[in-house]
Amino acid sequence: MFDEYTMSELTSILAMQGFAGLILFSVLVLMALGLAIIFGQMGVINMAHGEFMILGAYVTYLTAKLFETYMPSLFDGYFFVAMGLAFLASFALGVLVEWCMIRFLFKRPLDTLLATWGLSLILQQLYRTIFGAREVGVTLPDWMMGSYALSETIEVPINGIFVMVLTLFISLCVYLLMFRSRWGKQVRAVVLNRPMAGAVGINTEKIDRYTFGIGCGVAGIAGSAFTMIGSTGPTSGQLYIVDTFLVVVFGGAQSLLGTIASAFTISQSQSTLEFFLSGSMAKVITLLLVVGILMLRPQGLFALKIRH
Amino acid sequence: MQERAKALFMPRQDLIGFAVLALILIVILPLVLDVFRLNLVGKYLTYSFVALGLVLCWGYGGILSLGQGLFFGLGGYCMAMFLKLEASDPVSTKIQSTPGIPDFMDWNQITAIPWWWQPFNSLTLSLIVVVLVPTVFAFIISVAMFKRRVGGVYFAIITQALAAILTILIIGQQGYTGGVNGITDLRTLLGWDIRSDNAKLVLYFVNCILLFGCLLIAQFIRKNKLGRILVAMRDREERVRFSGYDVANFKIFVFCLAAAISSVGGAMFTLQVGFMSPSFVGIVPSIEMVIFCAVGGRLSILGAVYGSLLVNWAKTSFSESFPELWLFAMGALFIGVVMAFPNGLASLFLRYIEPYLPAWYHGKAKPVQPAEVLEKAPLTSTDTQPETATSKSTEKQSDETVPVNSLEGGVYVD
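So the sequence lines, in the order shown, correspond to chains S and U. Read in our numbering, the first sequence has 81 at position 81, and its numbers run on one by one without any break. Read in our numbering, the second sequence has 11 at position 11, and its numbers run on one by one without any break.
Hints were generated in silico from the structure; no laboratory data involved. Yeah, the Cβ is synthetic: ideal placement off N, Cα and C, and Gly gets one too.
What follows is a set of in silico ranges between Cβ atoms, one per label pair, in the way DEER data are often shown:
#1 U:Asn108 with S:Asn193: 51 to 61 Å
#2 U:Ile353 with S:Leu96: 35 to 45 Å
#3 S:Cys173 with U:Gln109: 44 to 54 Å
Just chain U, with the same shape it has in the complex (with noise of 0.2 Å):
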């Protein structure tokens, strides 16, 4: 009965492609890398929270939010008030006409703290903001969308100004939030000082280990009885409707968690990093986090992670050497990963490298259960691949049973 609740929770499989990633983060990464690279992997790292989010909310949910970099952005703020009125105590700010209040407020003629700055004194009530905020937000926004069945591209344009309002806020109100300089200076965090080499190693493994239990979370959702109701419900909305499920809940937890996520991403974020600003919160960058998700693949947990970090290692190098081609290439990827394997990398994966791998990958043969199936067969019919390909790798991967992929002609016509 273990046996069996294991093999369903994390199929073999999966729990190599966890050990690979494992073995690539926390061994591999921090043996090879300096310190400077290692923290940049860092805070790739964490932009794959955002990716992992939105695997399940848009890759299993089918709900595209455009907005992630709010939540993002929300848990990052938060963290970065707490750290910043840590570095601005009466002694550091002598200089300024009010000490003991952050600098830019002392610059924008405010002369106490407002009373929503106060939470952020504790580091408990700091930690649980981090969290709590971005999902009070994204249940206050979901509840309100999909109990009046707003879906779809709408959803995904009102997240899009959302994220709009939100940067526009943060830049205009500059003597609370520091304006388009964002939050900056931040030193310490309990006395601890987060620039420093060893501050910057440890928040790399605690990045990693947060994430792989981010993952784990996914990963049970995943294989649960709410990922296959949550792959159906993107399938076919109605007949999950009509089956008895209120739909708008799943939509709403898994949006809600994918915002929680996000968050704890904004929040390592920023102690990574050491400044949050608007620039991570808008339109532009919260697309790029789709594309994050996207090029990974968009049904892939893993995929996420892999994504942001290649996605993100090609900004940095391209843009170091030749900053008008990284626009271009950005442009062609965007368009690639649509047109060419909207199913990403993982899809490569699926198609040309498992198939091939040897027999202690795959375990013994073990009736596949459907959901697995439909998440290997490509998201919609199959005018954009080969209709060879796709037959072929179904009858690699899955020998024993019927090929579903035959029902996905009728999946999409309404």
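Okay, chain S solo, but in the shape it has when bound (with noise of 0.2 Å):
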């Protein structure tokens, strides 16, 4: 089947491809790294998830709004401030949700399942209503447009670069924040024993609590970064879901690199056999690889030996 390629075709279509992959990778680690604190650390199923970062999207798009109408100037930078802002709000909005509902499920995962959706279908309806059924795009300023050609044949669009270049950076972040700052050890205190923890003196409420919110902030940093790939509509963040859980799930919920591993797997396999069969039996049979996977090795890729 390769006859009809030359062999610097051939290489090119890989290294393409292979790109390719590296940006679903970036994107698919940015969407899990949020599910992975909030699923792996705090054991709470958060299938609004998508939503969160869907609000991270439309914060983006708002702030682009408002800096063509009256920043025109500052309009290069604004998508620096977008990811504050975006972060903001979902940190904001994750942390009244947590509030309201999720401290009073700890005990039950699977009820915290059917009440995120619930909340799910509500943000739904609220983008719905407010920005309208139809999906919106943001405009990219001039410098993250275009490509940057590595040979004659292969190039590399500046988007692609900036979302990994993003990736990297909150990877390191929540690396820094779970596993060398005294809050992180906090949390991972509170997730393995909450009595003890509160009984040594941690707030064990307030980590909940902010805990929830950074990996809901996190995110809508991933929505923010979407919005350069793609368009966003009130729908999109559910379309994720199943493929962001999976990736927690098969790298070992409470693993951060795991979940890192676990996406350039499936990013890579899903992008390599896209290129040999159609978009949809490429994700079928990922698909299918990862769940039969997970039957041979239920704890996921990197299980933590921690004893209960």
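Assembling the complex is the task here: the two chains are given apart, and the hints tell you how they should meet.
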């Protein structure tokens, strides 16, 4: 089947395909990081995660509109402001949701699933009422458009590179926060043994609230990055929620490294298969592979060895 | 002895509940509603098959499956394939480039019926396949999962992924499955026009009879030793395992049973509605089916029927007049059911109505089975319900027994 391509063409196809896989990987990691914090660390199933993402995307859209209308001179840098705002908005909503709902449901993970699904329905309808049912896209500043030519046949889109750098940065931040800070240590203590953590003077309620908030905030950033690649509609979030959950579960829920590794595996196999098969069949096979491996290794790729 | 067996299988309260439901479904609704509305009720009732399966595997077995739409859809598709083959005989499809094959295959340049469509030429085979395929599927999934002790949240996510996979597959393989539109334009069952008013009436009653058959099976399991093992397994899996039971086998059984019941619902859905499409297979309908079960009460088999009737009726009447409000209402319903009354309508009935019912309802006093008390108790510790309300209701329902609720506080502490 490779007969019709020359060697150099084949190399560039592989490189391009690999790069497309890397962009998909970055997006998956961004989406999954927030979920890994909420599901992996807190054990709460947040089915509204996609909607928090979409919130970030809409905030970015609004910021872009605002800059376009009032501050066209600063338009080149709007994206950084938008990401900050997206984080803040999702964080605030996350804290609110934790306070109203999640804190009552800690002992019943399956019920958090249903309740947050209800929340996702409400948020979806809210977006539809406010922004309309049509998908919206943002205008990218000039420096993000176009692509960078590596060789004659290989071209790399700049927004793709930007998303990758962003992913790297956010992953590093989350790592430092969860594993190298006092606060992260407290979070992990609360997850392992809530009453004991409380007994040694950790304010578990506060920790829970901010952990959930930060997980949602990261989702907001993911949504913001998302606007650079595709357009946003009220129901876009639902499309990704299963993929995201599979990434987190596949990697081993409590391992950050596992999340990244599984996102890499899934995105690379997806983009490679897409080259040979139709998009939908590639997705089916990827998902089936993941489910199959999960049956063999229920704890995921990188299971944390802890004694309960 | 016979008397005692009857009391164990169907205590007076349950018998009355069954009778009331039968009266509503078989006598009152057909008298009150016209054929169009009755057909709608029949459609809602097909969902209650799924909800009933969920009561067994989620409420009793503690296995939340978010992929019940998969089994509903498989059953429905098997039925639809039979009806489609019958509808596309060479005479009625003579305008196609290849007469005698379903229209969507013709549109996708497929000239022969694929081999896996062949069994659906015979009604007997189709009826067997309708139940067999989803059950075998459920068996494979559950053996692979439960033997490896995958459970709870992980199981829910994986079943959800499977539902997503099937939807993508159906939509992607348009030539063999009809794609997004599904299998439409179904007309006859062995030459009998299923679109006529008369057929709709008959199918409604067939549906009711099948539903009561499934309800009786569920009741039998609930009142049997099997049901009690399921409840014990849900609450303290390790203890049941250490007592020498193979927990996985019970889970596999109950999951397969739920799948089989759902597939019957799917087949009846196709017959009554006249088409089947991927929009009844995926994640969203699967989760909605869970809410039908949760609204009725995850521990009440009759509640599953009332839950699916009520939610769907509300959905139809709401979305006719205020389509935007419906999603808000549905979301609020999800949150409300989970936070305020986890055991659904059935728990409200048990708490506020049953204690005030006259003596003939309760029958003569008999020792209450421990399993029954556990069923009436809230599923988890009393963190969402006020302590006083719970203990008061227990006193009223079972004067003679020790309030087993006092054990509940310890159940979920690990």
